[in-house]
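> Please work from the sequences and hints to get the whole structure.
Residue numbers (the numbering used here), protein chains in the order written: chain A, 18 to 385; chain B, 18 to 385.
Calculated directly from the structure, the hints in this document are not laboratory data.
Please note that a few of the clues may not be correct.
Copies of the same chain look alike in the list, so a pair counts if it works inside one copy or between any two.
[Unchecked claim] The calculated BS3-like cross-link candidates involving lysine-lysine, where the alpha carbons are at most 30 Å apart (straight line), are:
(1) LYS320 x LYS75
(2) LYS311 x LYS119
(3) LYS272 x LYS311
(4) LYS169 x LYS127
(5) LYS121 x LYS311
(6) LYS272 x LYS121
(7) LYS60 x LYS361
(8) LYS24 x LYS121
(9) LYS339 x LYS361
(10) LYS119 x LYS97
(11) LYS339 x LYS97
(12) LYS97 x LYS320
Number of protein chains: 2
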Amino acid sequence: MQITFQKLDLLNSVNIALRAVSSKTTLPILECIVMQANNDTIKIISNDQELGIETIVKGNIIEPGSIAIDAKLFYEIIRKLPDSEIRINTNESFMATIQCEKSKFNLMGKSSKDFPVLPEIELGKSVNISEYALKEIIRQTIFSVSDNDANKLMTGELFEVEGNILKVVSLDGHRISMRKIQLHEAYENIRVIVPGKTLNEISKILSGEMDQIVQMFVTDKHILFKFDQTTVLSRLIEGEYYKIERMLSDNYITKVKINNKEFLNCMDRASLLIRDSDKTPIVLNFLDDGMELKITSSIGSMKEDLDINKEGKDMMIGFNPKFLMDALRVIDDEQVDMYLFNPKAPCFIKDKEESYIYLILPINFNAV
Amino acid sequence: MQITFQKLDLLNSVNIALRAVSSKTTLPILECIVMQANNDTIKIISNDQELGIETIVKGNIIEPGSIAIDAKLFYEIIRKLPDSEIRINTNESFMATIQCEKSKFNLMGKSSKDFPVLPEIELGKSVNISEYALKEIIRQTIFSVSDNDANKLMTGELFEVEGNILKVVSLDGHRISMRKIQLHEAYENIRVIVPGKTLNEISKILSGEMDQIVQMFVTDKHILFKFDQTTVLSRLIEGEYYKIERMLSDNYITKVKINNKEFLNCMDRASLLIRDSDKTPIVLNFLDDGMELKITSSIGSMKEDLDINKEGKDMMIGFNPKFLMDALRVIDDEQVDMYLFNPKAPCFIKDKEESYIYLILPINFNAV
Chain A
18 MQITFQKLDL
28 LNSVNIALRA
38 VSSKTTLPIL
48 ECIVMQANND
58 TIKIISNDQE
68 LGIETIVKGN
78 IIEPGSIAID
88 AKLFYEIIRK
98 LPDSEIRINT
108 NESFMATIQC
118 EKSKFNLMGK
128 SSKDFPVLPE
138 IELGKSVNIS
148 EYALKEIIRQ
158 TIFSVSDNDA
168 NKLMTGELFE
178 VEGNILKVVS
188 LDGHRISMRK
198 IQLHEAYENI
208 RVIVPGKTLN
218 EISKILSGEM
228 DQIVQMFVTD
238 KHILFKFDQT
248 TVLSRLIEGE
258 YYKIERMLSD
268 NYITKVKINN
278 KEFLNCMDRA
288 SLLIRDSDKT
298 PIVLNFLDDG
308 MELKITSSIG
318 SMKEDLDINK
328 EGKDMMIGFN
338 PKFLMDALRV
348 IDDEQVDMYL
358 FNPKAPCFIK
368 DKEESYIYLI
378 LPINFNAV
Chain B
18 MQITFQKLDL
28 LNSVNIALRA
38 VSSKTTLPIL
48 ECIVMQANND
58 TIKIISNDQE
68 LGIETIVKGN
78 IIEPGSIAID
88 AKLFYEIIRK
98 LPDSEIRINT
108 NESFMATIQC
118 EKSKFNLMGK
128 SSKDFPVLPE
138 IELGKSVNIS
148 EYALKEIIRQ
158 TIFSVSDNDA
168 NKLMTGELFE
178 VEGNILKVVS
188 LDGHRISMRK
198 IQLHEAYENI
208 RVIVPGKTLN
218 EISKILSGEM
228 DQIVQMFVTD
238 KHILFKFDQT
248 TVLSRLIEGE
258 YYKIERMLSD
268 NYITKVKINN
278 KEFLNCMDRA
288 SLLIRDSDKT
298 PIVLNFLDDG
308 MELKITSSIG
318 SMKEDLDINK
328 EGKDMMIGFN
338 PKFLMDALRV
348 IDDEQVDMYL
358 FNPKAPCFIK
368 DKEESYIYLI
378 LPINFNAV
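What follows is the structure, given as structure tokens:
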């Protein structure tokens, strides 16, 4: 194989492919990316067996061929070469030579035949969404995916399409995050569970442009995202996702309107008195003339008053502030509405249209 | 005690004092800073028993007094309070109340009487230097201080004043860094060893302004730096520092002029082939028509040619690139001069005026 690139083109593509390179694997070939040059196309391919990425890179093929090469080392070398033309040669014994200006590296590669190929997917009709919208909806829900493998379902997010609505849900046993967006057209129903890891990695690759489209293709076992010059293929998590509709409710005893930023800052300060080892709650006391936030821990105590707009009964309730803050941080509204039932029942933060619903379980507290 | 501050004034002062707060100490009081309000002055004091800091903070004393309070927690609380007036009250049982707008913290403090006082120093004549010059000379030498406590002398830097010249030296057994600067006036001779840790911390506090003066006072056991509203007091390292003059030399067999940036970038690339566990050298081959840099490691090999200007014999010599790069990074000259003797003798990088001298030991290599 003999190919040439402009440094920045190659660097960007390798950087994308890196997202599906295993850092800890027992199969050394998975630490490689494959460079494949044929049919006038140069592809960079990576695969950690959960997630696979294929991206097309601009360059010239002087002699077609392919090679597998250590991904991180290759990326670092490209990164540190001068901003100029890079020439890559390989021979029959998989020695790769990387040349740029007066610099010349020799690295032992591997046969790309040993690299697991990405499964061929039968592509049906795609669901289309802008890079911006996909990146946003991931950001607004990913924090309540569980990182505990004990319950596989909770490590993924529900992607549900009904008509022209995409609904994304994540939950971890303490809280539920739900976001809905409207798509440009209506589709057949889809209901799949996408691994949180896939969504994390894909949102690092997405440019976030409003006018760039991502095509999503779904099969029984896989989801495939296609955008720019890149294809990301991921396994789905098998199983039946939780019916969250049962856990949601339209009723409430107390409804509170509160300034998002002030509430966030106040909880951020209060969190300083919580050590990781204890689970001291913050206590929110909703009264007619305002909310009082209190915390008393082994470190000290704190009290702060916030202005609110309250409908319904007074209520005192305890929370892990992290769970409230995670939700408030991804809500762009200046004022948010909280709906409460009783000190043992989950609270809801949601907008009128229910384009977002965040449900958070309270924790017990000793009345102070 | 009852005092008020503007948040930013207090935050900046506590941040300075934090530099002398122990993170791992068996004496819990050393995790505190002392706030001391009397004689119209509010001071923040910290002391890790090697290094002590006293800084004056602008504020109003309503009732004088003092308290010791957990430094990191206090800093974080101040940082997260609104940008407004902060009021601190303490009572006889050392409970501190921190109030800002509608937020109110209660923290248990300690009696400042349990806090180790900074030793009183008899101040003689100070050596004066700009904040900029002191910060620069530390940056240009601190990297070759040894972090191995086995040899205490090597963990410090020699500060030597002779006439109007300040000379600063550090060495770690593999290399020597030496910088000289001219002071505005002549002083009596001084020769002391300042702990590397002190210099690291002080360079984080120094603003680096050209027209701000640092006064340095030296006694048998201590060095005291005075600038702005801050006093930093440090123990000196006792002992007789190395006579580095014996190790320096004016002769050479080969002299090479080389572009600093190109040389640095080239070694940076070559370093990618070195694993921490092995000690593969880079091999520099200085020839009439240029320098060839080569490295062959378990990971791969690399070769690069660089333009140089050479006087004297051809020479092939091996180095740990890190040691060369550390020196080159702190030299602002576009072109640097390297002086070589033989493949077993140290090389020198220095300017004509010897305002800097970097000596670096080579390492053995197997000719490739």
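> Could you run down the list of hints and mark each one as holding or not?
Now for the hints, and whether the structure bears them out:
{"no.": "1", "hint": "LYS320 x LYS75", "verdict": "between (59 Å within a copy, 27 Å between copies)"}
{"no.": "2", "hint": "LYS311 x LYS119", "verdict": "between (65 Å within a copy, 12 Å between copies)"}
{"no.": "3", "hint": "LYS272 x LYS311", "verdict": "within (20 Å within a copy, 71 Å between copies)"}
{"no.": "4", "hint": "LYS169 x LYS127", "verdict": "neither (34 Å within a copy, 49 Å between copies)"}
{"no.": "5", "hint": "LYS121 x LYS311", "verdict": "between (64 Å within a copy, 10 Å between copies)"}
{"no.": "6", "hint": "LYS272 x LYS121", "verdict": "between (67 Å within a copy, 26 Å between copies)"}
{"no.": "7", "hint": "LYS60 x LYS361", "verdict": "neither (55 Å within a copy, 48 Å between copies)"}
{"no.": "8", "hint": "LYS24 x LYS121", "verdict": "within (14 Å within a copy, 56 Å between copies)"}
{"no.": "9", "hint": "LYS339 x LYS361", "verdict": "within (18 Å within a copy, 60 Å between copies)"}
{"no.": "10", "hint": "LYS119 x LYS97", "verdict": "within (13 Å within a copy, 52 Å between copies)"}
{"no.": "11", "hint": "LYS339 x LYS97", "verdict": "between (40 Å within a copy, 16 Å between copies)"}
{"no.": "12", "hint": "LYS97 x LYS320", "verdict": "between (52 Å within a copy, 14 Å between copies)"}
The structure does not agree with the numbered hints 4 and 7 stated previously, though it agrees with the rest.
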